Structure formats: C-alpha cells, structure tokens
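Given these sequences and hints, build the entire structure.
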Amino acid sequence: MKSTIEQSCLSRSSIDQVDSNARKLVVSGKHSLFDRLFPFYDHFFQSSELPVFVDYIGFAFFALQFFFVSFWSSNAEIFVGKEDGGSQANDVINLLIQFFLHITPKTDSKGNPNYLITFIAFTACFLLIVLFLVIEITVYTVKRRFIDSLFYLAHFLIKFLNMIILVPLAIFAGTLFVDVWNYPEAINIMFLVLTVIYFAVLMVLFSITIKLLCNTPFIPSAPYAGWNYMPVQWIFLSAPIFGFLELFFHILESWTFLVLVVFHMIVVCLLSYWIIFLPFIPLHMNVFTYGLCVASGIADVFVIISYFSSLHIGYIICLISIVLGIVASVLFYIMQRRKIKRVRLNLSPEQSSSISDSDKVEIFESLGVHKSENNAYFCMRVGLSEASELFIDWSLTKFIFTNHDSNRMSCLCVLFMTFFPSESRLLNTLFTSATRKRHLNLPHRFLLYQVNRIRSLRTSSSSNDAAEKLQSLIQTRHRINDLIHDFWLTIPSSTLPFSKLYATLSKSNVLWQEAIKDYPNSTRIAEEYSNFLIDCSTNFIEGIKMKRRVDLIDSGQNFSIDISFKTFVRTYPNYIKKGIIGIRGNFINKMAHGHGSSSGSSNSADKSYSLTTNSEIDIELEEQIGQTMFTFSRMRLALQRALISRKSKYIKMMNLSILIAFIVSAICFIVSYILLKGWFQNAQESLTRQLYGSHARFTASIATLCLALQWGKHLGKFSMMEQLVYYDEIETEWYDFIDFSGNLKEYNVLQSSKARSYFGQLLTAVANLAQSGVDVYLSSSVIISRQVPTRFCDGDLAVDPVNGPLASMFAYNGFMRSLTAATPESQWANLSYF
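Residue numbering for the sequence shown follows our numbering, beginning at 8 and increasing consecutively.
In short, the hints are calculated from the structure, not lab data.
As the structure is a prediction and not an experimental result, all values here were calculated from the model.
For every residue, glycine included, the Cβ atom is placed at its ideal position computed from N, Cα and C.
Every clue listed holds true.
Calculated cross-link-like contacts (lysine-lysine; reagent style DSBU-like; alpha-carbon spacing at most 30 angstroms):
{"no.": "1", "residue 1": "150", "residue 2": "524"}
{"no.": "2", "residue 1": "405", "residue 2": "378"}
{"no.": "3", "residue 1": "150", "residue 2": "218"}
{"no.": "4", "residue 1": "524", "residue 2": "476"}
{"no.": "5", "residue 1": "476", "residue 2": "31"}
{"no.": "6", "residue 1": "444", "residue 2": "367"}
{"no.": "7", "residue 1": "31", "residue 2": "573"}
{"no.": "8", "residue 1": "31", "residue 2": "444"}
{"no.": "9", "residue 1": "367", "residue 2": "348"}
{"no.": "10", "residue 1": "405", "residue 2": "584"}
{"no.": "11", "residue 1": "761", "residue 2": "720"}
{"no.": "12", "residue 1": "585", "residue 2": "348"}
{"no.": "13", "residue 1": "405", "residue 2": "348"}
{"no.": "14", "residue 1": "476", "residue 2": "444"}
{"no.": "15", "residue 1": "150", "residue 2": "507"}
{"no.": "16", "residue 1": "444", "residue 2": "218"}
{"no.": "17", "residue 1": "514", "residue 2": "656"}
{"no.": "18", "residue 1": "37", "residue 2": "573"}
{"no.": "19", "residue 1": "37", "residue 2": "514"}
{"no.": "20", "residue 1": "573", "residue 2": "476"}
{"no.": "21", "residue 1": "585", "residue 2": "346"}
{"no.": "22", "residue 1": "405", "residue 2": "585"}
{"no.": "23", "residue 1": "367", "residue 2": "584"}
{"no.": "24", "residue 1": "218", "residue 2": "37"}
{"no.": "25", "residue 1": "346", "residue 2": "573"}
{"no.": "26", "residue 1": "524", "residue 2": "573"}
Distance ranges between label pairs, derived from CB positions:
{"no.": "27", "residue 1": "488", "residue 2": "635", "range": "18 to 26 angstroms"}
{"no.": "28", "residue 1": "505", "residue 2": "204", "range": "40 to 48 angstroms"}
{"no.": "29", "residue 1": "635", "residue 2": "510", "range": "25 to 33 angstroms"}
{"no.": "30", "residue 1": "793", "residue 2": "260", "range": "51 to 59 angstroms"}
{"no.": "31", "residue 1": "811", "residue 2": "258", "range": "43 to 51 angstroms"}
{"no.": "32", "residue 1": "657", "residue 2": "151", "range": "30 to 38 angstroms"}
{"no.": "33", "residue 1": "436", "residue 2": "352", "range": "23 to 31 angstroms"}
{"no.": "34", "residue 1": "137", "residue 2": "814", "range": "50 to 58 angstroms"}
{"no.": "35", "residue 1": "720", "residue 2": "679", "range": "52 to 60 angstroms"}
Below, the structure is given as structure tokens:
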C-alpha cells in the first residue's frame, strides 16, 4: 500500500513537472516554430504605428476589393460595355473593377498576354515584405535587438501593402492557372508556381498578423483591430480566396460558378452573423462591415438572377447593392445601440454596491452570459467600453471565467484584466489558470507571452525570473572580466582579439539592456549593470547614470512604461474623463475605500524615467557619485568626454567618397545597361526576322518536296520510298515535317500553312521596324520590288524568267501548291502549271 502511494505521488510529481515545463515554453515563446515570431510582433505592436488615416485608406481600398469580388466580373455577363450593346455606366464599373482587382498584362506582337512586368511587380512586393521580416528576425537573433527606425516601414509593408495586394495577387494566380490550363507554356508555368508560393506565404503572414493583432494587450490604432480574430480574419481572407476560385472555375462548365456564388453567400451570411457580436473595437467599423457584407450578399443574389437572363444591368445591381447596404448599416446601428443600452443598464444597476452575489448571478443569467460564449463576449465588450459597474467590480469577469472553460474566454478575461495595472493580483490568478489550459492556439500563446512580459514589467524586482536572469548576466560579466584580464597580461599583435572582445562586449551589453527593459524597477539589475559598464565597457558616464537610477528607485521612483495601459486609455478615454481610474491605473473609488488589490505606480514615473535616461546629470552630482565608485573619477570622466566624440578627420571624406563612388557606379551601370540592352535587343530583333525568313523558305521547300515525292510515289518511279519509311521510324523528329508512310499531300498543306504564317510574321516584323522610324528600304526592297526572277512553265515548255516582288511570288507559289494538292494525282500530268 505504501509503495502504491509513493508511485502515485511520483507520477503526480512528474505530471506537474511536465505541465510546468509546458507553461514555461508557452510564456517564453518557445512552444513551436511560429512562436519564434513573438518577439518581433511584440515589438511590432509596441512600436510607433502609421497615421490612422493611412490605415483607413488601406481598409477602404480592401473594402472596395471585397465588394467588387461579389460581381464575379470574369464570369457574369452583366457588365457588357457600350461598344457591345451594353451601358456606358457598365464601362465605368469595369474600369473600377479593373483598377481594384485586376492588373492587366501587356500583350506581345501576337496579341498574347505578357505576364513578365506584372510578375516582377508582385515579386518585388513579396521580396520587400518577406526579406524585411527575415532581416529583422536575423538581426534580433544575432544582436538581441531590432532596428527601431525601420518599424514604420514594417507597419506599411505588413499591414498596408500586404492587405491591398492579396486580392490582385490571387486573381493574377487564377489568370495564370487558366492560361496554363489552356496553353501550357514553360514560362507561364514557372510564373504560376512562384505566384502560388507568393500568395500562400503572404496569406499565412497576414493571417498570423490579424490573429495576433486581435489578441494583443497593446490596443492598435488600426480601424480593423478587434477582440475576436475569427470574423476579422475571414473578412480579409475570403476575398482573395474567392477571387482565385472565380478564375479557377473557368476550366469547368459555365453553370458551376453558380455553386461558388452560393457558397460565397453562405460565407457572407456567416460573417454578418459574427459581426452582430461586434468583433471590431470601433463600433463604426462593425456598422460599416455589416453593410459591406449585406451589399456583397445582395450582389450575389442579383448575379444569380442575371445568369438566367440576358439583361446587362451591372450598374443597376451595383447601385441597388450600395443603397441596401447603407440601409442595412443604419438599421444595424440602431439595433446595436439598443442592445448595448439594454446590456449597459443591466450591468450598471442603481445602488450596485448593495447588490448581493446571487442577484448579480441572476442579472448575468438573464443576459444569457452562461449559455453562449458570444453573449459572454458581447457583455464583456460592452462592460469594458461603457465602464459598467458589474464589470469594474470584476464580478462579470469571474462569472464568465468560472462558467466558460474554453481557451477563448479564459484568454479574453486575461486580456481585459491586463488593461488595469492595479488589479495585478486577480490578473496573476487568471493568468496562472489560463497557462494550464490544453491546446492553446497561436494567438492565445502570443497573448500569454505578452501578458507575462507585462507582469514582469509591473511587478517588483524580487521575482524568480529576474533573479535567474541576473544570475546568468553576472556570470557573463565575470567571463568578460577574465577575458580583459588575459588580454592585458598578453597583449596580442593582431587586431583579431580586439574584434572578438568588442563583439562579446556588445552582445553582453544588449543582454543587460534587455534585462533593464524587462525589469525597469530592479535595483539589483541596475546596480550590476552599472558595475558592468564601469568594469568591462569603461563607460563611466553611463555607469554613473545607472547608479543614479538605483538611488532614484530606492527613493520610490518608478521607471516602468506601461504601454498597455496607455493604449487602453487612448482607446477608452472615458475612464480618465469620468474619474473612474487615475493616470497611474488605480481605481479612484476603490482607493478611497481601500478595496484596491495592489498598489499602483508612482505619479512621477514618466518624469523620473526622462530625467535619468534622456537628460544629463549635473556635473557636480556626477563627480560625487563617481568618487564613491572608482578612483581618479574626475580624470577618467574628463578623458571619456574628451574622446567620446572624437573621430578621424578622414571619416567624413571617406563617407563622401563612398557616396560618390556609389552614384558614379550606379550611373555607369545604368548607361551600360541601356547601351547593351539596345544593342542586344536590335541583334535579337534582326535574328528573329532572319529566323522568320528561314522558316518560311524551309517550310515552303518541304511543301514542294512533298508534292514531288507524292508524284513519284504515284508513278512508282521512286524506289527509295520504303527506305525513307524505315528511316522515318528511326528518326522520330521527322514527324514534324514529313511522314513518309502517310499521305504526303496532307503534309504539303500543313507545311504551306506554316510557310504562310512565318512569312506573315516576317512582314509584320518589318512593318513594325519601319513604324519605329528605321529606314528599311534597302533591307526589304526585295519583298516589294520586282527583283526576284521567277520561271513559269506551260506544259513541257519553260517561259523566260520574270522579275517580281518576293511577297507576290511567295503567295503565288503557295497558291499553285494548294491548287495542285486539291487535284487528283491522275490528272497532274494534264495540268499546264504542274
């Protein structure tokens, strides 16, 4: 019995150890490969964002793409233009669809589409987005820091550019698919494969961005930010998916695209249902998106109706869809305001402080909070935005966390609690319970990763994580001290040890700065960092600043910058305006009654942080602190200040020389490229014209040879036919010209047709060359002038040669071959022209 109990305890201990390791992997961002993106996106959401109007422009552009996809312009015959018997209004709509959805490729001389320029444009966009992400992650992996100055570009590429090119990229991939299906050329197959790869990668990247955007405690200013990522994600991903499928259905019967339209209507209806619960943070975005979905669904209905009629009423469908979409938005807004008001009144009853817990439960059950996660989410959202009494006393949060055991609702409660710094105790309880959940998906793991960093930022310096990090940093400092000591014992003759020592110091300094950022109020980390700066980096000025920082922290200053709370106040300023919470995040009413669960930050946090980080310390105070830290402080500080900004006088000249060399190299490259491109292009065009002429002469000769062989075969005078048939079986490439075992007259017709085609291409190339301004008289005079001697036969008599233009003689020769081939062989001997 005792051994069984011991085994049970050991088993439970091992399970707890496994769970503890799994939780550490989740909160540290090491659970899966995609979790390696967490540091980038954590910095991405905390960095400076694009101006709000840029995000609105991007979303408006995408909204038009989403709307125009519902017209199925490449399948439905409802946008016939004025030239084809339709309306001029249809031409305008076609232009809009062409602008927002399609990128029309240029055509070559044969009228075939040339996808090269379009493909290069999409390739450039893809490389910009992906390479930027790869470079930032690589820099972080090596240096443990990001390039902050490039994060404006990151917001533009990942949030703006990626959003507006997804639909055109999908339609371009669909167009290539249809073209390859009909005419499988190697170059287009390569374009298709690469375009599909671009589309898949950008779709996954944007999907991850939207998921994490809707599960971050740093509320973005983008209009499409939300609390529920599922509808937001499908609004953005459904348009490119259906844009591709619209072209894909071209290879099927025409009626099959109606199935796609019906399926699109189902998706739009599902999106409209999700929007009822307000997935977007701004209310007006929910109203606008609901009207957009309704307009798209109505357009789908009219497209199905127009399929069975011959009416070209595309512009009417567009106007009706827009009008009904606006009406639906107005009705949706009115209904949502009433619904929000009803929930707000229930969550903010009169004399809420005297309501018992059982009465609160009855209120929550009357709202259906316990029945549906969507209802629970809606009530949580309304409670947060309206600062309802039953929300800010956390009874609603606790009720939802208790009655809904799903990962989604648990993480939502953790997310909302993160916005209130004073409720750290309740946040820790919910966070611990959430990290024990099984099967956490990517956005939930990202939320817990960020919340863990916020908890570390807000808590004191006595946490276990801070102690572990400090211990590893101290060991690194000791190793660097040993390296420096060995360096001075045996001074090397090469510069390689200098480079290695500098790289080691830089990497260690980055780790110390990361620790300062993660634990800004830790006096031990700040003090040890000060020792590192003085002993290892000999940066006395910054070492004194860190020592001053330690003194300020001991005196009660707070150096943490709570970006999560700042973004919350920016989004919901009524919490400050109505006096519900203070600028430090503490509830004013709770502070008066002593109900706060933890103390808030100091009122002078921002001021003290600015003083010690961005400002200079008084020189007298600096010398006073320096005397307590190291000897010869005044001399060392003066020496550092004298050398800190000194550089070689040739540095500026070297930078200027590099810039001039780059400009000159770029100019030389561009000039060389233009000259070589023109030369090679002229040579290529000349060789192409020669190729057309050679092909025309060769195929015409083959056609004449076919008639001669057929005549000899008919008379039985050609004894080598069997031998040629034998060679025909061996040399399979002959099939393209002559099949000696078949009817040679058919091959005469085939080769004559090829000869006419090649000669026509030659004439077109010469005409294009003349149109470009080149004098082609000397090179093409043989085509139009009477310079080609041609001998005609009248029975057995040969007439004297007659000069004529090559074009006329070539056409006459082809006509004679066709006329002979149309006559039976038995009559060939009686033909005067044979």
